[in-house]
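Chains H and X, in that order, are what the protein sequence lines are. One rule links them: number in this note's numbering = place in the first sequence (from 1) + 15. One rule links them: number in this note's numbering = place in the second sequence (from 1) + 15.
Since the hints were made in silico from the structure, they are not lab data. Hints may be right or wrong, so weigh each one.
It does not matter which identical chain is meant; a pair holds if it fits inside one copy or across any two.
With a straight-line cut-off of 30 Å between C-alpha atoms, the simulated DSS-like cross-links for lysine-lysine are [claimed, not checked]:
{"no.": "1", "residue 1": "K96", "residue 2": "K241"}
{"no.": "2", "residue 1": "K195", "residue 2": "K96"}
{"no.": "3", "residue 1": "K232", "residue 2": "K195"}
{"no.": "4", "residue 1": "K195", "residue 2": "K85"}
{"no.": "5", "residue 1": "K85", "residue 2": "K241"}
{"no.": "6", "residue 1": "K96", "residue 2": "K232"}
{"no.": "7", "residue 1": "K195", "residue 2": "K241"}
{"no.": "8", "residue 1": "K85", "residue 2": "K232"}
{"no.": "9", "residue 1": "K85", "residue 2": "K96"}
The residues making up each chain are set out below.
Protein chains: 2
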Amino acid sequence: MPVQQQNIPPRAVIEHMVREQVYREMGLPLSQQAQAPNALVVNISARHCHLTPEAVEQLFGSGHELTPHKWLYQEGAYAAKESVTLIGPRSRVISNLRILGPCRDLNQVELAFTDAIALGFDIPIRMSGDVAGTPGCMLMGPNGYFQMDEGVIRAQPHVHMHPDDAAYYGVEHLDNMRMKVHGPCSVTFDDIVVRVDESFSLEAHIDTDEGNACGLKPDSFCELIK
Amino acid sequence: MPVQQQNIPPRAVIEHMVREQVYREMGLPLSQQAQAPNALVVNISARHCHLTPEAVEQLFGSGHELTPHKWLYQEGAYAAKESVTLIGPRSRVISNLRILGPCRDLNQVELAFTDAIALGFDIPIRMSGDVAGTPGCMLMGPNGYFQMDEGVIRAQPHVHMHPDDAAYYGVEHLDNMRMKVHGPCSVTFDDIVVRVDESFSLEAHIDTDEGNACGLKPDSFCELIK
């Protein structure tokens, strides 16, 4: 299966470019939105896991490395061709749990509460990487099982941003912001954690429950509110 | 199975009574919340259906009537002992779809978007009863099948209220309100439709996606905002 192009910009990015261009050519003052250095991209993170190279080898075989299937919006991040089966505390399973690459130095499974309830997990809301004391699970791959003693979380909704974006919105790393998703059942997420890094593109990540609660679509108008 | 007591008040109602009592006994001015005529109860409506008496007979047998299993907060409403299997457009099924009683004069299935996506439905957000042009489905019961030509919806989040509540909040039937659910991942639902009736108790209904997005728990502090 061919790797998808990394450089097809999301709809919000194209709209942002067009908006800026049109306002300039018409000699109109730039709207508040068009003044932002970058378009806000909002993506739904469906349930997935991050694995160490050791976990990948145990699940897929000695020397196995993840194969990029689809590049994500954050540079270098991808959904891997490989997936695993997650076995929960009541022996209920989720098949085809996507692995996101590249490998990390810790194992983490990110579920929505709807997934967790279906499996019988009581999981906490955590920032990525903060897995101490969280529930574990069993993963199954074609080469065998891998036991995670901890690491099953619901990810705190968050927004990745470059320092230029942080300066525009007047926020700092780990600040809280609100994000309103407009539409027929508008929702304002009141606790979006800001993550600032030179390598980040402006992108908010919400889970499937959050995305379905607000009915997020590719053309939904979304705004960050300090 | 015994029918549950109808008159065990929800936690929010007991808290409201205690708060009012304590403020009065301490001679303190009543807080804004305690001044409200009634406590706000917020309940998650898991996927369910409403059926006509004809549909019940076709699914469960001639002359069959629904048996109350658990009384709901709105007077006279109950979750029935009976459930059906829903068969979606891709032959995927949801087993044990709960029926809510008493019977109505139209058939309606209410799903969360997460359910609908899993089944392969593209369903609209509608107020209860407004089912014209919505997708249909097949229901299966112990006595046979019942085909619904339309009626599968995601319910618009809404709040039932008595005219006294409407007067307190300064709203009218079919107005929109916001509702904030506080907690570690607070969410404000910006399009809660108000439904006013003499028979209604103050209760907001959100679906499982919405309830899981905000992490609603029995002790979550919830407020209606005009």
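Results of checking the hints against the structure:
no.: 1; hint: K96 - K241; verdict: neither (38 Å within a copy, 48 Å between copies)
no.: 2; hint: K195 - K96; verdict: neither (33 Å within a copy, 40 Å between copies)
no.: 3; hint: K232 - K195; verdict: both (13 Å within a copy, 23 Å between copies)
no.: 4; hint: K195 - K85; verdict: within (28 Å within a copy, 36 Å between copies)
no.: 5; hint: K85 - K241; verdict: neither (32 Å within a copy, 44 Å between copies)
no.: 6; hint: K96 - K232; verdict: within (25 Å within a copy, 37 Å between copies)
no.: 7; hint: K195 - K241; verdict: both (11 Å within a copy, 17 Å between copies)
no.: 8; hint: K85 - K232; verdict: within (20 Å within a copy, 36 Å between copies)
no.: 9; hint: K85 - K96; verdict: within (8 Å within a copy, 46 Å between copies)
In this structure, the earlier hints numbered 1, 2 and 5 are contradicted, and the remaining ones agree with it.
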